[in-house]
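Turn these sequences into a full structure, and let the hints steer you where they fit.
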Amino acid sequence: MIAAEKQQPQENLLEVNSLKKYFPVGGGGLFSKENHYVKAVDDISFAIKKGETLGIVGESGCGKSTMGRVILHLQAATEGEVLFEGKEISQFNKNELRKLRKDIQIIFQDPFGSLNPRLTVGAMLSEIVRVHKIVPKKDELRYVQNLLQDVGLNPEHFWRYPHEFSGGQRQRISIARALAVRPKLIVCDEAVSALDVSVQAQVLNLLQKLKNKYQLTYIFISHDLSVVKHISDRVGVMYLGKLVELADKREIYKSPRHPYTQALFSAIPDVSSEKKKERIILTGDVPSPLNIPSGCRFHTRCPLASDICKSEVPEFREKDGHRVACHFA
Amino acid sequence: MELIKVGGIQKEKAISPRKTMFKTMMKRFFQNKLAVVAGIFIVILIFMALFAPVIAPHDPSEQDYSKILKAPSAEHWFGTDEIGRDIFSRVIFGARVSLQAGLISVGIALSIGIPVGLISGFYRGAVDEIIMRITDALLSFPSLVLALALAAVLGAGLENAMMAIGIVLTPNFIRLIRAEVLAHREREYVEAAKASGLRDWRVILIHIFPNTLAPIMVQATLAIASAIISEASLSYLGLGTQPPTPSWGAMLSAGQGYLSDAPWIAICPGIFIFLTVISINLFGDGVRDMLDPKLK
Numbered sequence: 390m391i392a393a394e395k396q397q398p399q400e401n402l403l404e405v406n407s408l409k410k411y412f413p414v415g416g417g418g419l420f421s422k423e424n425h426y427v428k429a430v431d432d433i434s435f436a437i438k439k440g441e442t443l444g445i446v447g448e449s450g451c452g453k454s455t456m457g458r459v460i461l462h463l464q465a466a467t468e469g470e471v472l473f474e475g476k477e478i479s480q481f482n483k484n485e486l487r488k489l490r491k492d493i494q495i496i497f498q499d500p501f502g503s504l505n506p507r508l509t510v511g512a513m514l515s516e517i518v519r520v521h522k523i524v525p526k527k528d529e530l531r532y533v534q535n536l537l538q539d540v541g542l543n544p545e546h547f548w549r550y551p552h553e554f555s556g557g558q559r560q561r562i563s564i565a566r567a568l569a570v571r572p573k574l575i576v577c578d579e580a581v582s583a584l585d586v587s588v589q590a591q592v593l594n595l596l597q598k599l600k601n602k603y604q605l606t607y608i609f610i611s612h613d614l615s616v617v618k619h620i621s622d623r624v625g626v627m628y629l630g631k632l633v634e635l636a637d638k639r640e641i642y643k644s645p646r647h648p649y650t651q652a653l654f655s656a657i658p659d660v661s662s663e664k665k666k667e668r669i670i671l672t673g674d675v676p677s678p679l680n681i682p683s684g685c686r687f688h689t690r691c692p693l694a695s696d697i698c699k700s701e702v703p704e705f706r707e708k709d710g711h712r713v714a715c716h717f718a
Numbered sequence: 195m196e197l198i199k200v201g202g203i204q205k206e207k208a209i210s211p212r213k214t215m216f217k218t219m220m221k222r223f224f225q226n227k228l229a230v231v232a233g234i235f236i237v238i239l240i241f242m243a244l245f246a247p248v249i250a251p252h253d254p255s256e257q258d259y260s261k262i263l264k265a266p267s268a269e270h271w272f273g274t275d276e277i278g279r280d281i282f283s284r285v286i287f288g289a290r291v292s293l294q295a296g297l298i299s300v301g302i303a304l305s306i307g308i309p310v311g312l313i314s315g316f317y318r319g320a321v322d323e324i325i326m327r328i329t330d331a332l333l334s335f336p337s338l339v340l341a342l343a344l345a346a347v348l349g350a351g352l353e354n355a356m357m358a359i360g361i362v363l364t365p366n367f368i369r370l371i372r373a374e375v376l377a378h379r380e381r382e383y384v385e386a387a388k389a390s391g392l393r394d395w396r397v398i399l400i401h402i403f404p405n406t407l408a409p410i411m412v413q414a415t416l417a418i419a420s421a422i423i424s425e426a427s428l429s430y431l432g433l434g435t436q437p438p439t440p441s442w443g444a445m446l447s448a449g450q451g452y453l454s455d456a457p458w459i460a461i462c463p464g465i466f467i468f469l470t471v472i473s474i475n476l477f478g479d480g481v482r483d484m485l486d487p488k489l490k
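Chains as they are written, first to last, in our numbering: chain A, 390 to 718; chain B, 195 to 490.
The hints are simulated quantities; they were obtained by calculation from the structure and are not laboratory data.
Please note: incorrect hints may appear among the correct ones.
Stated by the list, open to error - List time: in silico DSSO-like cross-link candidates among lysine-lysine, alpha-carbon distance up to 30 angstroms:
id: 1; chain 1: A; residue 1: K526; chain 2: B; residue 2: K217
id: 2; chain 1: A; residue 1: K600; chain 2: A; residue 2: K476
id: 3; chain 1: A; residue 1: K527; chain 2: B; residue 2: K217
Said to hold, decoys possible - Non-contacting residues of chain B with respect to chain A, defined by C-beta distances greater than 12 angstroms in every case (computed):
id: 4; residue: F223
id: 5; residue: V248
id: 6; residue: D253
id: 7; residue: P309
id: 8; residue: I313
id: 9; residue: V321
id: 10; residue: N366
id: 11; residue: A389
id: 12; residue: S390
id: 13; residue: H401
id: 14; residue: A419
id: 15; residue: S454
id: 16; residue: F468
id: 17; residue: D479
The beta carbon of each residue, even a glycine, is placed where N, CA and C say it ideally should be.
Now the structure itself:
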């Protein structure tokens, strides 16, 4: 039934235009009139097509998770727009927003924190199914148990509490929760980062399987380059709240153009190739998002940096479907 | 569609696991021996309060000047007071007032404190600010002074005393519940519940509130104790129960003048206050553990 809907690769499911999310920090207070902002997400634009998996990588604190939450409108954007199926979600009222929740779901990182300890798995999933009227009441149990089987759990797990499960199983429950409303887009926010490597692979394969079965589109946020490589079609690299490079997976892993991406990818251990890879080691720390460097925000650590980098913000230019924000790329 | 495959077997199972859930809860409660004993004591107390006229051997306000300040004996189990009233009968009748004072005033405090605290903690912002400033104002008074003032405004009598005590206890509950909500509202499961498109009241009542129960329960049982004592103080000052109606608190304060000559006047109701408070406390602990699915 669902498979009958032909995939339309041209259609943009989600479009993000100059999205900004600033968090005001203290500052204000009694003695200072000045307002400081953490620029967690600063002018990000990209689009994602139906059926695609977009990987977003970046260091801790670069704003990837915030971006995910803003896309779901769990946090309001400071500026910019998020278009889902052509509709601007920040204009949605409460009811429309609830409907949007049926279309966009999120899987959180922490398999222990993201499940309510007081509710059985079944109670939690049934509640969602009931609220969104996904199936008639009499089919609820069957629907939820099927869901559990879909994510590789037993129907009997319906009556268990979250603390009776392992981390991997809990993450499967989180996936079931996201799937329960039959969403079109799922934001996986570090969905496998808290799991053992062996369990990671299982959960990744499950996500892949579910994607094919339910025609899902993923935004896959992770700091783990190999995980992103495994699951994504396209990959975006974030640095200090900005997207610095965005390209097809093969393209970006084969020939990264932004010096940050190059440094990042040179850190992936490679056992297969004969020749020893040259490791690019960045000096210094990531600057504070409170005090972002002028011009290109990577210039403080960039091996190629020159005067223009300090003064001018590089444009996010596109060349053969490969977008880079660097004066020298 | 493939949804219907699982078949009818699970349908029958749907009833039994829920029953077992209830059973494991009861089992968990009955494993806690102290809580069971406490529960039995509370049941006896309530029974005593309900059937006081039948149980009490004497009229609680009957005065017998030939038997003033008599020590406990076969006829007067707990002795007699300064005007010859039977302490045992008075303790039994006092249970009515004291249990009411404890339970109803805490009930009032909870029924205001829980919704207000939940709203304040969940929505934050201006509503929270206003509510917090009001609770701060209430908390800035010494609780007895505030209760006194309220009781004086409302007028003497048990109902008004309970109302006054309830209002005095409320800010503590608001603060506590709000703090608990703040601790839970940022958890990922709450965010996930919001992301699932649940309405605010569902997020608050089904996902946040049950997780805040444990400290509320503890605070409530402790508050029952302090309500019983506060009622005593108000009665002592003439704003609570009016004599000759006995209340444990009033008896306790009346007995303090005879502590060296006739200690039983104060000790007997004192023991009952102590036992009641500790029983409610232990019982509350038992209920809390019963509701916690993590404990087997």
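So is A419(B) really clear of chain A, every C-beta pair being over 12 angstroms apart? 27 angstroms, holds
Interface exclusion of V321(B) relative to chain A, criterion Cβ beyond 12 angstroms: 17 angstroms, holds
Verdict on N366(B) as a residue remote from chain A, using beta-carbon distances over 12 angstroms: 24 angstroms, holds
Given pair status - K217(B), K527(A), alpha carbons within 30 angstroms: OK: K527(A) and K217(B) at ~25 angstroms, within 30 angstroms.
Claimed clearance of chain A by F223(B), with the beta carbon kept past 12 angstroms: Since the minimum Cβ distance to chain A is about 17 angstroms, F223(B) lies beyond 12 angstroms and the statement holds.
Over 12 angstroms from every CB of chain A: does P309(B) meet that, or does the non-interface label fail? About 19 angstroms separates P309(B) from the closest Cβ of chain A, which puts it past 12 angstroms; holds.
Over 12 angstroms to the closest beta carbon of chain A is the bar; see if F468(B) clears it. 33 angstroms, holds
No chain A beta carbon within 12 angstroms of S390(B)'s: Given a closest Cβ separation of 5 angstroms, the condition is violated.
Is the claim that V248(B) lies outside the interface with chain A correct, judged by CB distances over 12 angstroms? 43 angstroms, holds
Does H401(B) really sit off the interface, with its C-beta more than 12 angstroms from all C-beta atoms of chain A? 5 angstroms, violated
Would you say A389(B) is clear of chain A, with no C-beta pair closer than or equal to 12 angstroms? 5 angstroms, violated
Is the nearest Cβ of chain A still more than 12 angstroms from the Cβ of D479(B)? 18 angstroms, holds
Violated hints, in rising order: 11, 12, 13; the structure is consistent with all others.
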